[in-house]
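Peer 1: Residue 31 in numbering that gives the first Met the number 0 sits at position 32 of the sequence shown, and the numbers go up by one each step.
Check each hint, because a few of them may be wrong.
Below, a list of computed lysine to any residue pairs in the SDA-like style, where the Cα atoms sit at most 25 Å apart [what the hints assert, rightly or not]:
no.	residue 1	residue 2
1	LYS264	GLU25
2	LYS179	VAL51
3	LYS259	ASN180
4	LYS179	ARG274
5	LYS264	SER246
6	LYS83	GLU126
7	LYS218	ALA193
Don't read these hints as lab results, they were simulated from the structure.
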Amino acid sequence: MYTTDEFVEKVDLYGELPSGRYEPQEVLDVAYDQLTSVVVPLIIALNEEYYVRSENQSVVAGQREYEIPYRALGRILRELKLIKNTRVIDLPRMEPELVTSSEQSEPEAFYLEGFNAVLYPTPRNAEGSVNMSYFLTPSRPVLVANAGLITAIDRATGVITSSLPTDWTLTDTFDLVTSKNGHDSKALDLTASAVSTSSITFTASDIPTSIAVGDYVAKAGYAPYFQCPDIAYRYLIQLTVNDLLQSMGSQAELQAGMAKSEQLKGALIQTLSKRVVGAPKQFTIDTFFLR
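Take the sequences, apply the hints, and build the full model.
Peer 2: Following this line, the structure appears as structure tokens:
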């Protein structure tokens, strides 16, 4: 689907905007506001597991607090599990008012405190890991010139060949972003051991096999795409057009644009609301394993 550069061109085309009225990055910023405030909440509300990621943190004896990943949308958890050897234990959420003891034992539940999940009881032993499932915040869009198109990958040395921005340094962290539908970040917050304008070097094992030539390197939290299903792009373009038309005071064009966005919204919901068409969800976990 469209890169950010192409997205800006489509906004200009559909909105018939005056040439030069808005800088490309201004258009991208408006579109990102619409993505995070309208499109992403709509998609997540469909409960079809879009944007879901998970992260493991080792259980530490005597440690009760485990930080919710900073890139979680709204620092919201979808689910928390305790993994011990081959056992996966789904911990229920409790209210902090129900805490009645400081005794250490095997955790049976968790509660929220600020941006942390707190295990209760506090773990007595350093066994297993806490698995946090969350919705990944879509990366902020940048023009293609501010990312690096991957032209070669040496999986033995970790060297990625790309024409890179001149201001990237070893103090930055980086994401690897796929060009495929959805454009998700396949690797997050990587540190580089070498950076130049023609290549960047990561730990070889940190480069996912799903990243290939034609994908992108970007600063952490940024991407040269909008991170949503490709089928949502047309809706996002129209929302962006509407926002810009409103700022220009073009009321007649805005009314037509709002009608179009409602039409596109309905089509998007209809398409995404049943992600597995031939296998509807008809059972609970218990009935699934008892079949």
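Peer 1: Taking the hints in turn, state whether each one holds.
Peer 2: These are the hints, each one checked on the structure:
1. LYS264 / GLU25: Holds. LYS264 to GLU25 sits at ~24 Å (cutoff 25 Å).
2. LYS179 / VAL51: The given pair, whose Cα atoms are some 17 Å apart, holds under the 25 Å limit.
3. LYS259 / ASN180: Holds. LYS259 to ASN180 sits at ~24 Å (cutoff 25 Å).
4. LYS179 / ARG274: Holds: LYS179 and ARG274 sit about 18 Å apart, inside 25 Å.
5. LYS264 / SER246: Roughly 22 Å separates the two Cα atoms, so the pair holds.
6. LYS83 / GLU126: Holds - the C-alpha atoms of GLU126 and LYS83 are around 7 Å apart, at most 25 Å.
7. LYS218 / ALA193: holds (14 Å)
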